[in-house]
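Take the sequence shown: its letter number 39 is residue 38 in numbering that gives the first Met the number 0, and every next letter is one higher.
Simulated from the structure, these hints should not be mistaken for lab results. Computed from a predicted structure; not experimentally measured. Warning: the hint list may mix true and false statements.
[What the hints assert, rightly or not] Subject to a maximum C-alpha distance of 25 Å in a straight line, what follows is the list of computed SDA-like cross-link-like pairs (lysine to any residue):
(1) K63 <-> D43
(2) K9 <-> F19
(3) K52 <-> A32
(4) K61 <-> R80
(5) K13 <-> A29
(6) K52 <-> N76
(7) K13 <-> A32
(8) K13 <-> D43
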Amino acid sequence: MPVHRYVPLKAPCKLCGEGFDHRHAASDPALTACPTCGQAVTRDCIQQITTPKLLAPTSVSKAKQAGFTVFKRINDNEFERQ
Numbered sequence: 000m001p002v003h004r005y006v007p008l009k010a011p012c013k014l015c016g017e018g019f020d021h022r023h024a025a026s027d028p029a030l031t032a033c034p035t036c037g038q039a040v041t042r043d044c045i046q047q048i049t050t051p052k053l054l055a056p057t058s059v060s061k062a063k064q065a066g067f068t069v070f071k072r073i074n075d076n077e078f079e080r081q
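Generate the whole structure from the sequences, applying the supplied hints.
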């Protein structure tokens with residue numbers, strides 16, 4: 000279930016402050032009031048989290064230089080160290 004950020008429409012609330020995070024299913028309607036104080040709220044945009052994308056597969060030599068152990072599959076249940 001995603002987490003949504005809600006902020007009060009009026010000045011910061013003494014109970015919920017600048018806003019709060021609320022987890023609910025995407026199919027559920029957005030909150031219109033704070034569950035703590037009952038003040039009207041609106042959903043705020045959360046900064047998207049992006050992950051870097053690899054443009055090319057890492058080579059065996061680069062993996063070894065980075066400190067990884069590289070194995071080669073011999074058959075279904077056997078591997079050998081390269």
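Each hint, compared with the structure:
1. K63 <-> D43: Distance of about 45 Å is beyond 25 Å: violated.
2. K9 <-> F19: holds (14 Å)
3. K52 <-> A32: Roughly 39 Å between the alpha carbons, so the hint for K52 and A32 is violated.
4. K61 <-> R80: Satisfied, since the Cα-Cα distance of roughly 15 Å is no more than 25 Å.
5. K13 <-> A29: holds (22 Å)
6. K52 <-> N76: violated (30 Å)
7. K13 <-> A32: holds (15 Å)
8. K13 <-> D43: holds (19 Å)
Figure legend: structure checked against the earlier numbered hints; hints not met, in rising order: 1, 3 and 6.
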